[in-house]
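Here the protein sequences line up with chains A and B, keeping their order.
For the first sequence, position 313 (counting from the first letter as 1) is numbered 307 according to the working numbering, and the numbering increases by one without interruption.
For the second sequence, position 281 (counting from the first letter as 1) is numbered 275 according to the working numbering, and the numbering increases by one without interruption.
Some hints here could point you the wrong way.
In this list, chains with the same sequence are indistinguishable; a pair is considered to hold if it fits within one copy or across any two.
Stated by the list, open to error - List time: in silico DSS-like cross-link candidates among lysine-lysine, alpha-carbon distance up to 25 Å:
id, residue 1, residue 2
1, Lys291, Lys29
2, Lys133, Lys287
3, Lys10, Lys95
4, Lys391, Lys287
5, Lys391, Lys150
6, Lys291, Lys391
Please keep in mind that the hints were generated in silico from the structure rather than gathered at the bench.
On a predicted model such as this, the values are computed, not experimentally measured, just so you know.
The chain contents come next:
There are 2 protein chains.
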Amino acid sequence: MDLDLLHDLAQPNTTKIVLCSLDGLGGLPRPATGKSELETARLPNLHALAARSACGLLRHVGPGITPGSGPGHLGLFGYDPLRHPVGRGVLEALGIDFHLKPGDVAARGNFCTVDGEGRITDRRAGRIATDLCIKLCEKLQRITVDGAEIVVEPVKEHRFVLVLRGEGLSGRLSETDPQALGVPPLGVRALEPAAERAATAANQFVERARPLLRDAGPANMVLLRGFDRQPDIPLFPVTFRLRAAAVAAYPMYRGLARLVGMDVLDTGPTFAEEIATIRRHWRDYDYFFLHYKDTDKAGEDGDFDSKVAALEGFDERLPDVLALGPDALGVSGDHSTPSILAAHGWQPVPALISSAYCGADHVSRFTERDCAAGALGLLPAQDLMPLLMANALRLAKYGA
Amino acid sequence: MDLDLLHDLAQPNTTKIVLCSLDGLGGLPRPATGKSELETARLPNLHALAARSACGLLRHVGPGITPGSGPGHLGLFGYDPLRHPVGRGVLEALGIDFHLKPGDVAARGNFCTVDGEGRITDRRAGRIATDLCIKLCEKLQRITVDGAEIVVEPVKEHRFVLVLRGEGLSGRLSETDPQALGVPPLGVRALEPAAERAATAANQFVERARPLLRDAGPANMVLLRGFDRQPDIPLFPVTFRLRAAAVAAYPMYRGLARLVGMDVLDTGPTFAEEIATIRRHWRDYDYFFLHYKDTDKAGEDGDFDSKVAALEGFDERLPDVLALGPDALGVSGDHSTPSILAAHGWQPVPALISSAYCGADHVSRFTERDCAAGALGLLPAQDLMPLLMANALRLAKYGA
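The whole structure should be built from the sequences, with the hints applied where relevant.
Structure below.
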């Protein structure tokens, strides 16, 4: 749906919407049993909820396309991920909870090792300790360049984030990492005329980093990749006329929520604490994005049994979510992470919508196979948000 | 589907298509029983037809979007309602069976009350009697303005329709209703340069109405809203190469059919008379749009039992429709009107297609829940028309 149209139809109400995102929710049958993680787990609460909900499968990007966490969540938030790409530099910044400002250009940085002639001998500087990374980033933070403010933030081991901040900077810049050893880092090139100023600033940063790092042992040079400008995305609270809050223990998901303009609430790291956070703020917001990470971690590890346990852990807490009394509740995920793949997958993700007006279907188990026959059908992830809005009686009629 | 492509593929045949639109067909379970209106009603004929039909759910505008009657029917007629918006002024004119001509600009008019200084004291003139409205419209009908012919038609109580008729008039005009008391009506402004002439005509109409109404008691002034030009819509009989007739007892639906170029047949007000009208004209047309209103009325009243009765009333007459012997029969609706909502809803609407070539599915009951698992899936309403065309063997092969 066109976001402008949704904005035109969005109307105020006192109803509450909760979206539970189980990261990497969808799975695949384990060959030994022929049953997926959802089909193996004991999920009495989730199945009972599915029985009184409208069910379906969400596809986040396109058929056969495996979504990253960025596109996966943008889809859940109502955006077409193909129309709103989020680059790697920006994602890296979001992943450390860095507060990007509109117009910021971010890049992923690596400390690397160069020889006496400046040729790369290790693209990751022997994966230096994070402590050292932090110290070196403090050094680089002192660099000043023409036409942009410089921010350098450590990530982990040899990785850091570089942010160029200033008016009208373009992120259409080439990378300095030649992806090869025995050659020197490349210069940054502007990939469009408007990016000349940012290219100059980035090249000055690299040149001024060189002497500062000369005696820093294996981490004596930097490589920059994935330059990207923070995308101009229509703000979620404005588009849907919702006071929106995100509750997520992991920085990446807080960052994605912040990117679309949600308030990010301080929360403890467990799912129980996340739910308690929502309970405390129940009156202050119309929409809550509630993130559950454990399912994805287990799937990425290829640990089928852990993923089953993670699903059961969610199920045990589901009554607490229901007890909040949301008028419209969505349960789905940002992508599949089948344990037998041990990675994100392209498989569509089970989804349910529960409300007084959702209209049930014949689905009584919240599994990949059962949801495929649900009333919601196979739907683009970005359709979930207008459906939640409608179920919360927050969309006016189109046409007379 | 692209209408130009459908037009290219449309080919003549002697087959007959009937589309039954049960207004507001879809519903929701009543909490006490967990069964929807369709699941509660005794519908032996409809269920038997569903068992030998291809079934599915129609979505008329988009996920979560509640269609008005205009977009709902345009979808059933094969048009994308988002590409062919029908404005409020035009719908108001259609609703009184007014024969709009191409290029007509229509507005909703209200008689209102103004004080000695011309400030509005009642935006609806105390809801004057319809008889008085008719008399006052006769007065206003005498007004002449520059560059447009004026038509004024009474609707009901304080409401009337104003039509500006002339070459090249634009309907992009601001409203005169300030939506507030204690202030005078606003002037009409052109919202695009091409609308200047229409704005002048509308303002002259208002100024010339003032002295005519001076002594008309509470109805001593007019307010104009929802200006709109009759949309340029590809004509249905041309697009689909069908001689098309509409049979509808309610003026709004006759108007919508006329808008797309169907012939509107005179009919008695009952459904039995509507069917008899089709029988009389069976040889004269290839396509019949048959409208059944009772389902929507009951749903809008929030009267679950009445809606059940209305569905059963349709079911009793269904054999008469089948006895006509259509080669392709579609049964669906323009939107849901769940009794528990007492209003139009966004929920997709059950649909079936019956023909010698429809290919049945596992669905044997014509309900929201059962149709969700049908062979047609969840499909945009505008896809129904090409499917009916194909089932009537009226679409040629695409490509060699």
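Hints and how they fare:
1. Lys291 <-> Lys29: within (20 Å within a copy, 41 Å between copies)
2. Lys133 <-> Lys287: neither (34 Å within a copy, 71 Å between copies)
3. Lys10 <-> Lys95: neither (29 Å within a copy, 46 Å between copies)
4. Lys391 <-> Lys287: between (36 Å within a copy, 19 Å between copies)
5. Lys391 <-> Lys150: between (50 Å within a copy, 23 Å between copies)
6. Lys291 <-> Lys391: between (41 Å within a copy, 17 Å between copies)
In the structure shown, a violation is registered for the earlier hints numbered 2, 3, in ascending order.
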